[in-house]
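Let chain W serve as the given structure and place chain X on it in line with the hints.
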Amino acid sequence: MQIVIASGKGGVGKSTVTASLLYLLKDEYRLIAVDADAEAPNLGLLLGVTEWEEEREHIGAKIARINTETCIRCGICQMRCPYECIYVDDEGNYVVNELTCEGCNVCGLVCPVPGTITLEQVRSGVIRRAITKYGFPIISAQLDVGRPESGKLVTEEKEWAKQIMKEQNLEHMIVDSAAGIGCQVIASVGGADVAILIAEPTPASLSDVQRVYKVVQHFHEPAYLIINKADINPGFTKLREWAEQEGIPILGEIPYDSAIPKSMSMLRPFIEAFPESKASQAIREIAEAIKQEIIK
Amino acid sequence: MQIAISGGKGGTGKSTVAINVAVELAKRFKLILADLDVEAPNDHLLLGVELQNEEEVNQFMPKFDYSKCIKCRKCAEVCEEHAIITLKDGTPFLMPTLCSGCRACEIVCPVPGAIQEGSRLIGHTYVTPTPYGFTLVTGKLREGEERSMPLVVAAKKRLKNLDYELLIVDTAAGTGNTVSKAIEGSQLLIAVTEPTPLGIHDTELILQLGKLMGIETWVVINRADLGDVNEVYERAERYNAKVIAEIPYSENIVKTYVSGTPIVTTDYPEAEIFRGIAERIYEFLRG
Chain W
1 MQIVIASGKG GVGKSTVTAS LLYLLKDEYR LIAVDADAEA PNLGLLLGVT
51 EWEEEREHIG AKIARINTET CIRCGICQMR CPYECIYVDD EGNYVVNELT
101 CEGCNVCGLV CPVPGTITLE QVRSGVIRRA ITKYGFPIIS AQLDVGRPES
151 GKLVTEEKEW AKQIMKEQNL EHMIVDSAAG IGCQVIASVG GADVAILIAE
201 PTPASLSDVQ RVYKVVQHFH EPAYLIINKA DINPGFTKLR EWAEQEGIPI
251 LGEIPYDSAI PKSMSMLRPF IEAFPESKAS QAIREIAEAI KQEIIK
Chain X
1001 MQIAISGGKG GTGKSTVAIN VAVELAKRFK LILADLDVEA PNDHLLLGVE
1051 LQNEEEVNQF MPKFDYSKCI KCRKCAEVCE EHAIITLKDG TPFLMPTLCS
1101 GCRACEIVCP VPGAIQEGSR LIGHTYVTPT PYGFTLVTGK LREGEERSMP
1151 LVVAAKKRLK NLDYELLIVD TAAGTGNTVS KAIEGSQLLI AVTEPTPLGI
1201 HDTELILQLG KLMGIETWVV INRADLGDVN EVYERAERYN AKVIAEIPYS
1251 ENIVKTYVSG TPIVTTDYPE AEIFRGIAER IYEFLRG
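Residue numbers (our numbering), protein chains in the order written: chain W, 1 to 296; chain X, 1001 to 1287.
No lab work stands behind these hints: they were computed from the structure. The structure displayed is predicted, hence computed values, not measured ones. Treat each hint with caution, since some may be false.
[Claimed, not checked] Some residues of chain X that are not near chain W, with every Cβ distance over 12 Å (derived):
#1 Arg1028
#2 Glu1039
#3 Cys1072
#4 Thr1265
[To be verified] Here are the simulated PhoX-like cross-link-like pairs (lysine-lysine), alpha carbons at most 25 Å apart as the crow flies:
#5 Lys62(W) / Lys1160(X)
#6 Lys1242(X) / Lys1255(X)
#7 Lys1157(X) / Lys1030(X)
#8 Lys238(W) / Lys1211(X)
#9 Lys26(W) / Lys166(W)
#10 Lys1255(X) / Lys262(W)
#11 Lys278(W) / Lys1211(X)
#12 Lys62(W) / Lys1074(X)
#13 Lys162(W) / Lys296(W)
#14 Lys296(W) / Lys166(W)
#15 Lys162(W) / Lys152(W)
#16 Lys1030(X) / Lys1211(X)
#17 Lys26(W) / Lys262(W)
#18 Lys26(W) / Lys152(W)
#19 Lys26(W) / Lys296(W)
Just so you know, even glycine gets a beta-carbon here, dropped at the ideal spot from N, CA and C.
Here chain W stands alone, though its shape is the one from the complex (with noise of 0.2 Å):
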């Protein structure tokens, strides 16, 4: 089973809980963890992970390059460029922004000057694999700065784990999306049976979560709510009221626990660090409804 888990907004907690359901259902299930936020990869640091077995070049992006040599300062390029990409510099040559270029060749195809611009492969990336202190794998990615592409970074990542799930006859892949609805995300969900929603009661957490849910619903997959720092705003109703206008069932509620960021500079599960807060008690409760309900 593939299981996507989900909040639109960043900085809800959703490595942290990620984190402690993956201990908590270890034990009884073959799992793998894939951490989909290449951007910003960290459920191996909350897992343990300080050295990658093995880690594979992704080349795959494109961007544009343009020989000054034999271009002619035409600027139809520039002109062209859907994402004026293309900018003259202090010498007034025609440059591309290797940070914001896409890598379309629009400008390649509109150059008047055959093999002026050229479109070169470049590395977008790195996708890594490891083996948790907690004895379950983890596949997880790193997009190289100012490059496009993060969401085939993502897609690869879930490749490769459904390989290392064959061969390890594994039940259960994790994943942990990244921030926001765009390609990474889609890239993430795509696929899953399940998504599991995390959202704060807040109204910038439920706007995000309202909008990934679309998503959800695009692949008709299932979805279920976890309330994380359930206490932080008391008299904030709205969160529940959608879920149950949608029919989300919730999966359990998290109070805030100040001891999270603790946990977080432990680097490990909040679960193991803190076994005994009231925290912990809502996310063993949260693994248990996942048991029954979800994992059948």
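Leaving out everything else, chain X in the frame of chain W:
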């Protein structure tokens, strides 16, 4: 003038810093705040305003006129997104969600009129007046759309037609090319971070991006009392970035965040920290 507020990881407090600094600096500049976190725009919620002046962002999509198409497959060959597939006989078909709207197919098509102008709605931009004397420009990607770059570009284009002295850009999380597109043109980059190993890891990436873009970078440490700030200072120094403020975890900040009231408009003691950040920026911009 333009400054950018970013932070690598999501949830570090970028938007909180952005809106409060905007409220303060709007007293001294004709200001626009641009919410370029187009996948999850929230600045309007934090400012307690409803988005206004909606404009559609439509993206080009090829529409094939099959009576004219000569089935040469050129359109499919140049499509870097592989959004155009061809049948055995060369008849092209578009898979709309993969199309980036770049027009490469239209450019190479040898038959005038065989590819016609189609379009797809991919999101909206908004221009919203705020009660704090500045204008908020927001880009919002439509759910189900994959590509945020065109929305960032559309929002930046729209604000170019507006009159302002200072533009503050609030970026998305991460360090991919849509974040660099948002930051592009800034004289100053402010990275909002948390003093946890995860926060520091992600901050390092945004510091790298700042360095690659050649932009002066400052660091604001949010929830500073929830971790070891020394590590942040060390990393910042490595990248020649100054740490200009530490914000403690505070229930007052959470309270104002939730109620859509910028904390600088209140008497809470924490307001002073945000005013201090705004003051530093003002001095920087004044030179």
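So, going through the hints one by one against the coordinates:
1. At the 12 Å boundary, the C-beta of Arg1028(X) stays outside the reach of chain W, the nearest C-beta of that chain being 27 Å off.
2. Under the 12 Å C-beta cut-off, the non-interface status given to Glu1039(X) relative to chain W is violated; the minimum distance is some 3 Å.
3. For Cys1072(X), the shortest C-beta to C-beta distance to chain W comes to about 15 Å, beyond the 12 Å cut-off, and the non-interface label holds.
4. Distance check for Thr1265(X) against chain W: the nearest CB is about 17 Å away, which clears 12 Å, and the non-interface claim stands.
5. Between Lys62(W) and Lys1160(X) the alpha-carbon distance is near 29 Å, which puts this suggested pair outside the 25 Å criterion.
6. About 29 Å separates the Cα atoms of Lys1242(X) and Lys1255(X), which puts this hinted pair outside 25 Å; it is violated.
7. In summary, the hint linking Lys1157(X) to Lys1030(X) is supported, as the alpha carbons are separated by about 18 Å, within the 25 Å threshold.
8. For the proposed pair Lys238(W) and Lys1211(X), the alpha carbon gap of about 42 Å is over 25 Å, so the pair is violated.
9. Restraint check: the Cα-Cα separation between Lys26(W) and Lys166(W) comes to about 18 Å, which is no more than 25 Å; the hinted pair holds.
10. In summary, the hint linking Lys1255(X) to Lys262(W) is supported, as the alpha carbons are separated by about 23 Å, within the 25 Å threshold.
11. Of the pairs offered as hints, the one joining Lys278(W) and Lys1211(X) is violated, with about 43 Å between alpha carbons and a cut-off of 25 Å exceeded.
12. For the hint linking Lys62(W) to Lys1074(X), the alpha-carbon distance of about 19 Å falls within 25 Å, and the restraint holds.
13. For the suggested pair Lys162(W) and Lys296(W), the alpha carbons sit about 20 Å apart, so the restraint of at most 25 Å is met.
14. Among the hinted pairs, Lys296(W) with Lys166(W) is consistent with the structure: their alpha-carbon atoms are about 20 Å apart, no more than 25 Å.
15. Distance hint between Lys162(W) and Lys152(W) is fulfilled; the C-alpha atoms sit about 15 Å from each other, no more than 25 Å.
16. A C-alpha spacing of about 29 Å is found between Lys1030(X) and Lys1211(X), which places the hinted pair above 25 Å, so the restraint is violated.
17. For the hint linking Lys26(W) to Lys262(W), the alpha-carbon distance of about 23 Å falls within 25 Å, and the restraint holds.
18. For the given pair, Lys26(W) sits about 28 Å from Lys152(W) by alpha-carbon distance, which is inconsistent with the 25 Å threshold.
19. Only pairs whose Cα atoms come within 25 Å are accepted, and Lys26(W) paired with Lys296(W) is accepted, the gap being roughly 15 Å.
Of the numbered hints stated above, those contradicted by the structure are hints 2, 5, 6, 8, 11, 16, 18, listed in ascending order.
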